[in-house]
Amino acid sequence: MSRLITLTTDFGLTDPFVGIMKGVILGIAPKTTLIDLTHHIETQNISQGAMVLASATPYFPKKTIHLAVVDPGVGTTRRPIVIETPDAYFVGPDNGLLTPAFSGKARVYELIRLKYFLKSPSNTFHGRDVFAPVAAHLANGVKPSQMGKKIDDPVRLDLPRPELKDATLHGQVIYADNFGNLTTNISDQDLKRCLTGKPPVLRIGRRTLKQFVRTYGDCPKGKAGFLINSWNAIEIFVRDDNAQQLFKTQPGAVVTLRFS
Amino acid sequence: MSRLITLTTDFGLTDPFVGIMKGVILGIAPKTTLIDLTHHIETQNISQGAMVLASATPYFPKKTIHLAVVDPGVGTTRRPIVIETPDAYFVGPDNGLLTPAFSGKARVYELIRLKYFLKSPSNTFHGRDVFAPVAAHLANGVKPSQMGKKIDDPVRLDLPRPELKDATLHGQVIYADNFGNLTTNISDQDLKRCLTGKPPVLRIGRRTLKQFVRTYGDCPKGKAGFLINSWNAIEIFVRDDNAQQLFKTQPGAVVTLRFS
Amino acid sequence: MSRLITLTTDFGLTDPFVGIMKGVILGIAPKTTLIDLTHHIETQNISQGAMVLASATPYFPKKTIHLAVVDPGVGTTRRPIVIETPDAYFVGPDNGLLTPAFSGKARVYELIRLKYFLKSPSNTFHGRDVFAPVAAHLANGVKPSQMGKKIDDPVRLDLPRPELKDATLHGQVIYADNFGNLTTNISDQDLKRCLTGKPPVLRIGRRTLKQFVRTYGDCPKGKAGFLINSWNAIEIFVRDDNAQQLFKTQPGAVVTLRFS
Numbered sequence: 001m002s003r004l005i006t007l008t009t010d011f012g013l014t015d016p017f018v019g020i021m022k023g024v025i026l027g028i029a030p031k032t033t034l035i036d037l038t039h040h041i042e043t044q045n046i047s048q049g050a051m052v053l054a055s056a057t058p059y060f061p062k063k064t065i066h067l068a069v070v071d072p073g074v075g076t077t078r079r080p081i082v083i084e085t086p087d088a089y090f091v092g093p094d095n096g097l098l099t100p101a102f103s104g105k106a107r108v109y110e111l112i113r114l115k116y117f118l119k120s121p122s123n124t125f126h127g128r129d130v131f132a133p134v135a136a137h138l139a140n141g142v143k144p145s146q147m148g149k150k151i152d153d154p155v156r157l158d159l160p161r162p163e164l165k166d167a168t169l170h171g172q173v174i175y176a177d178n179f180g181n182l183t184t185n186i187s188d189q190d191l192k193r194c195l196t197g198k199p200p201v202l203r204i205g206r207r208t209l210k211q212f213v214r215t216y217g218d219c220p221k222g223k224a225g226f227l228i229n230s231w232n233a234i235e236i237f238v239r240d241d242n243a244q245q246l247f248k249t250q251p252g253a254v255v256t257l258r259f260s
Numbered sequence: 001m002s003r004l005i006t007l008t009t010d011f012g013l014t015d016p017f018v019g020i021m022k023g024v025i026l027g028i029a030p031k032t033t034l035i036d037l038t039h040h041i042e043t044q045n046i047s048q049g050a051m052v053l054a055s056a057t058p059y060f061p062k063k064t065i066h067l068a069v070v071d072p073g074v075g076t077t078r079r080p081i082v083i084e085t086p087d088a089y090f091v092g093p094d095n096g097l098l099t100p101a102f103s104g105k106a107r108v109y110e111l112i113r114l115k116y117f118l119k120s121p122s123n124t125f126h127g128r129d130v131f132a133p134v135a136a137h138l139a140n141g142v143k144p145s146q147m148g149k150k151i152d153d154p155v156r157l158d159l160p161r162p163e164l165k166d167a168t169l170h171g172q173v174i175y176a177d178n179f180g181n182l183t184t185n186i187s188d189q190d191l192k193r194c195l196t197g198k199p200p201v202l203r204i205g206r207r208t209l210k211q212f213v214r215t216y217g218d219c220p221k222g223k224a225g226f227l228i229n230s231w232n233a234i235e236i237f238v239r240d241d242n243a244q245q246l247f248k249t250q251p252g253a254v255v256t257l258r259f260s
Numbered sequence: 001m002s003r004l005i006t007l008t009t010d011f012g013l014t015d016p017f018v019g020i021m022k023g024v025i026l027g028i029a030p031k032t033t034l035i036d037l038t039h040h041i042e043t044q045n046i047s048q049g050a051m052v053l054a055s056a057t058p059y060f061p062k063k064t065i066h067l068a069v070v071d072p073g074v075g076t077t078r079r080p081i082v083i084e085t086p087d088a089y090f091v092g093p094d095n096g097l098l099t100p101a102f103s104g105k106a107r108v109y110e111l112i113r114l115k116y117f118l119k120s121p122s123n124t125f126h127g128r129d130v131f132a133p134v135a136a137h138l139a140n141g142v143k144p145s146q147m148g149k150k151i152d153d154p155v156r157l158d159l160p161r162p163e164l165k166d167a168t169l170h171g172q173v174i175y176a177d178n179f180g181n182l183t184t185n186i187s188d189q190d191l192k193r194c195l196t197g198k199p200p201v202l203r204i205g206r207r208t209l210k211q212f213v214r215t216y217g218d219c220p221k222g223k224a225g226f227l228i229n230s231w232n233a234i235e236i237f238v239r240d241d242n243a244q245q246l247f248k249t250q251p252g253a254v255v256t257l258r259f260s
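Chains as they are written, first to last, in our numbering: chain A, 1 to 260; chain B, 1 to 260; chain C, 1 to 260.
Hints listed in this document are in silico derivations from the structure and should not be mistaken for laboratory results. Treat the hints with care, since some could be wrong.
To be verified - With a straight-line Cα cutoff of 27 Å, these simulated DSS-like cross-link-like pairs (lysine-lysine) come out:
| # | chain 1 | residue 1 | chain 2 | residue 2 |
| --- | --- | --- | --- | --- |
| 1 | C | Lys62 | A | Lys119 |
| 2 | A | Lys31 | C | Lys62 |
| 3 | B | Lys119 | A | Lys63 |
| 4 | A | Lys143 | B | Lys31 |
| 5 | B | Lys31 | A | Lys63 |
| 6 | A | Lys63 | C | Lys119 |
| 7 | B | Lys31 | C | Lys62 |
| 8 | A | Lys149 | A | Lys105 |
| 9 | B | Lys63 | C | Lys115 |
| 10 | C | Lys31 | B | Lys63 |
| 11 | B | Lys143 | C | Lys31 |
| 12 | C | Lys115 | B | Lys31 |
| 13 | A | Lys192 | A | Lys165 |
| 14 | B | Lys31 | A | Lys62 |
| 15 | B | Lys165 | B | Lys115 |
| 16 | A | Lys31 | B | Lys62 |
| 17 | C | Lys119 | B | Lys31 |
| 18 | A | Lys119 | C | Lys105 |
| 19 | A | Lys119 | C | Lys63 |
| 20 | C | Lys119 | B | Lys105 |
| 21 | A | Lys31 | C | Lys115 |
| 22 | B | Lys119 | A | Lys192 |
| 23 | B | Lys31 | B | Lys63 |
| 24 | B | Lys63 | A | Lys31 |
| 25 | B | Lys62 | C | Lys119 |
Unchecked claim - Quick look at which bits of chain A chain C covers, simulated, 3 or more residues with Cβ under 8 Å:
| # | stretch |
| --- | --- |
| 26 | 18 to 25 |
| 27 | 123 to 130 |
Unchecked claim - The following label-pair restraints were derived from C-beta to C-beta distances:
| # | chain 1 | residue 1 | chain 2 | residue 2 | range |
| --- | --- | --- | --- | --- | --- |
| 28 | A | Gln250 | C | Gly205 | 29 to 37 Å |
| 29 | A | Gln250 | B | Thr43 | 17 to 25 Å |
| 30 | C | Gly205 | A | Val142 | 41 to 49 Å |
| 31 | A | Gly222 | B | Ser120 | 24 to 32 Å |
| 32 | A | Pro220 | B | Val155 | 17 to 25 Å |
| 33 | B | Val155 | A | Gly222 | 16 to 24 Å |
| 34 | A | Gln245 | B | Asp166 | 38 to 46 Å |
| 35 | B | Pro58 | C | Thr77 | 27 to 35 Å |
| 36 | C | Lys149 | B | Gln44 | 50 to 58 Å |
Small disclaimer: the values here were computed from a predicted structure and weren't measured. We treat Cβ as the ideally placed atom computed from N, Cα and C, and that holds for glycine.
With the hints as extra help, turn the sequences into a complete structure.
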């Protein structure tokens with residue numbers, strides 16, 4: 001059986017940690033295809049990792065195995081888990097990182113069968129010793145129920161939702177990408193519910209933006225605007241420039257949107 | 001059919017964008033082998049992307065599909081295209097990025113068949129919604145002519161050529177690599193045409209270099225020299241050090257070479 | 001024959017050099033699976049490259065081919081070599097980089113058969129012109145003895161070993177990882193030989209650490225401690241923080257350990 005495994009970590013690409021995990025996987029399941037989502041999650045930033053998984057996993061084929069390690073509690077009593085959904089498998093620590101897997105039906109298993117780990121697992125590198133071998137065995141067709149016991153209390157991480165107050169949507173920046181574009185947690189659905197026929201006005205910090213456009217190119221060069229981006233969310237940008245740097249903004253920054 | 005697809009973008013590796021494109025490709029063409037050329041093209045630097053493609057693609061097997069996205073015009077009327085040459089396919093935006101594909105015979109198609117895109121393409125991420133699926137369908141054997149209509153006016157980007165004036169070659173730095181070595185647009189062919197029997201003297205900024213050597217090791221440690229590099233071009237270096245940093249030089253810097 | 005090739009270089013991921021090497025390999029051996037160990041070895045830091053190879057290669061399947069290029073002497077008389085051990089193959093320059101391959105039995109060959117290189121190899125990019133094609137031919141089943149002649153004087157690089165003096169182990173930091181954790185050259189075996197029943201005390205710079213713990217989580221947040229890490233070596237860390245930055249420490253820093 002040939003299967004796809006994605007990898008998402010905060011390991012970076014300078015150390016050989018990711019390569020080692022791949023060596024372990026291919027030693028157990030040689031026909032696996034491995035895809036990196038990113039290894040540049042900020043150190044121990046579990047919610048950023050969760051957000052990246054949530055945005056990326058819908059674009060992978062059915063039954064893809066998503067291996068994710070952002071794991072400040074490695075070696076402690078935090079549980080290693082595998083989640084089975086109708087669409088995919090998720091393998092990683094039980095700290096909320098895999099939360100996106102929970103929309104809809106999901107079965108969660110605590111990994112307890114040592115025979116599916118490397119021998120004598122270390123206390124500091126479960127990516128290598130626990131999660132990589134488990135993902136490989138999944139790729140080989142081993143069932144989650146063979147590797148663990150079912151649990152019903154996994155740690156859940158709720159991503160922040162926007163609120164509607166006084167005809168204004170109160171949301172926040174949840175992600176800044178490589179181009180400095182700022183994704184908010186206000187979706188096109190949120191927007192549709194509030195439409196008044198008047199043009200939307202967005203505020204972030206002390207700035208007021210009125211350029212609600214269809215595509216980056218509809219905004220004059222160097223000017224700020226907002227649009228519905230490829231995640232169907234409101235995104236703030238500066239045409240041909242870096243909004244994050246210009247606005248000195250970080251994820252968490254408050255964004256309001258109203259129709260006035 | 002098993003095929004090779006390379007990826008070149010300015011997306012960086014921090015966001016999951018590249019991984020998502022690979023998920024889309026493997027969902028459509030599961031047996032594809034994917035190779036990253038680089039995802040660190042400077043933001044929106046089309047000519048740097050074109051140069052990287054030109055230097056790398058000759059080293060790939062025949063019929064390799066090269067997918068490239070440096071796309072400031074995403075979502076506007078700039079056309080998505082596929083280019084077919086006797087050696088390879090190129091997929092990306094029609095903004096000059098794919099120019100290297102044009103040496104020799106090439107057929108260019110504007111991508112117009114929506115059935116080969118993801119459903120409801122976004123206005124901000126054609127890498128995912130247009131170019132990745134088209135590259136995957138190419139890998140599956142779909143012909144470019146099935147996916148688009150032939151055009152004969154693609155945007156062309158001419159890389160700068162050196163000039164010969166008063167027995168002196170006037171060129172420029174076109175690329176600075178990870179080691180700080182500076183590739184110029186003066187080729188070994190340009191050089192041969194100017195040989196006089198006298199030793200060549202290179203000027204860059206206020207520096208005059210006379211160490212024209214065969215290999216880095218032929219220059220004393222810490223000294224600057226120049227040689228014919230692996231692209232058959234004049235390259236300026238400092239032995240065991242970083243010429244770009246020491247010279248404070250960027251691509252575009254003027255370089256002259258004469259035989260005196 | 002399907003085979004695994006790993007790649008380790010100081011090329012970085014901004015230039016297309018690594019992708020080009022992969023294109024060359026797949027042109028010769030299309031069924032090869034390629035895994036990056038890291039391309040962020042510090043420029044020309046041969047001993048760091050050697051350490052990374054030593055830590056990573058034990059986790060790969062038998063007969064894996066490890067291709068490594070940290071090669072300040074490219075184009076000079078330094079020899080290109082391939083090493084055959086009972087477990088793996090190593091391909092790269094003869095400058096000590098491949099030293100880890102020498103534990104136990106190994107046969108070393110100087111690569112002298114030009115037919116296994118690209119035509120007209122450059123003097124600056126043997127990764128592309130020599131090492132990539134040789135690794136690919138190995139993957140295709142060509143024997144090292146067909147590609148080179150046996151030698152018995154390869155350059156060896158000895159990694160520093162700790163010393164025991166006055167009941168104190170004198171070692172050093174040999175690696176700082178992405179998290180700022182500091183791996184020392186003091187192994188759990190070194191430690192066991194010195195056990196006295198008294199608690200160990202570690203000194204680094206002007207700091208004295210007494211928190212010898214099992215796992216990161218056993219140390220209070222923000223406090224420094226040490227443990228046996230996943231390489232079975234003493235590692236210094238700061239819980240949920242970056243010891244390298246806080247201690248302003250680099251590989252080479254002296255570490256002492258005694259039982260008092």
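Verification of the supplied hints:
{"no.": "1", "hint": "C:Lys62 to A:Lys119", "in the structure": "17 Å, holds"}
{"no.": "2", "hint": "A:Lys31 to C:Lys62", "in the structure": "15 Å, holds"}
{"no.": "3", "hint": "B:Lys119 to A:Lys63", "in the structure": "21 Å, holds"}
{"no.": "4", "hint": "A:Lys143 to B:Lys31", "in the structure": "24 Å, holds"}
{"no.": "5", "hint": "B:Lys31 to A:Lys63", "in the structure": "16 Å, holds"}
{"no.": "6", "hint": "A:Lys63 to C:Lys119", "in the structure": "44 Å, violated"}
{"no.": "7", "hint": "B:Lys31 to C:Lys62", "in the structure": "25 Å, holds"}
{"no.": "8", "hint": "A:Lys149 to A:Lys105", "in the structure": "17 Å, holds"}
{"no.": "9", "hint": "B:Lys63 to C:Lys115", "in the structure": "24 Å, holds"}
{"no.": "10", "hint": "C:Lys31 to B:Lys63", "in the structure": "16 Å, holds"}
{"no.": "11", "hint": "B:Lys143 to C:Lys31", "in the structure": "24 Å, holds"}
{"no.": "12", "hint": "C:Lys115 to B:Lys31", "in the structure": "31 Å, violated"}
{"no.": "13", "hint": "A:Lys192 to A:Lys165", "in the structure": "15 Å, holds"}
{"no.": "14", "hint": "B:Lys31 to A:Lys62", "in the structure": "15 Å, holds"}
{"no.": "15", "hint": "B:Lys165 to B:Lys115", "in the structure": "54 Å, violated"}
{"no.": "16", "hint": "A:Lys31 to B:Lys62", "in the structure": "25 Å, holds"}
{"no.": "17", "hint": "C:Lys119 to B:Lys31", "in the structure": "30 Å, violated"}
{"no.": "18", "hint": "A:Lys119 to C:Lys105", "in the structure": "25 Å, holds"}
{"no.": "19", "hint": "A:Lys119 to C:Lys63", "in the structure": "21 Å, holds"}
{"no.": "20", "hint": "C:Lys119 to B:Lys105", "in the structure": "25 Å, holds"}
{"no.": "21", "hint": "A:Lys31 to C:Lys115", "in the structure": "31 Å, violated"}
{"no.": "22", "hint": "B:Lys119 to A:Lys192", "in the structure": "21 Å, holds"}
{"no.": "23", "hint": "B:Lys31 to B:Lys63", "in the structure": "15 Å, holds"}
{"no.": "24", "hint": "B:Lys63 to A:Lys31", "in the structure": "24 Å, holds"}
{"no.": "25", "hint": "B:Lys62 to C:Lys119", "in the structure": "17 Å, holds"}
{"no.": "26", "hint": "18 to 25", "in the structure": "holds (count 6)"}
{"no.": "27", "hint": "123 to 130", "in the structure": "holds (count 5)"}
{"no.": "28", "hint": "A:Gln250 to C:Gly205: 29 to 37 Å", "in the structure": "33 Å, holds"}
{"no.": "29", "hint": "A:Gln250 to B:Thr43: 17 to 25 Å", "in the structure": "19 Å, holds"}
{"no.": "30", "hint": "C:Gly205 to A:Val142: 41 to 49 Å", "in the structure": "48 Å, holds"}
{"no.": "31", "hint": "A:Gly222 to B:Ser120: 24 to 32 Å", "in the structure": "30 Å, holds"}
{"no.": "32", "hint": "A:Pro220 to B:Val155: 17 to 25 Å", "in the structure": "22 Å, holds"}
{"no.": "33", "hint": "B:Val155 to A:Gly222: 16 to 24 Å", "in the structure": "23 Å, holds"}
{"no.": "34", "hint": "A:Gln245 to B:Asp166: 38 to 46 Å", "in the structure": "45 Å, holds"}
{"no.": "35", "hint": "B:Pro58 to C:Thr77: 27 to 35 Å", "in the structure": "29 Å, holds"}
{"no.": "36", "hint": "C:Lys149 to B:Gln44: 50 to 58 Å", "in the structure": "51 Å, holds"}
Checked against the numbered hints listed earlier, the structure breaks hints 6, 12, 15, 17, 21; every other hint is satisfied.
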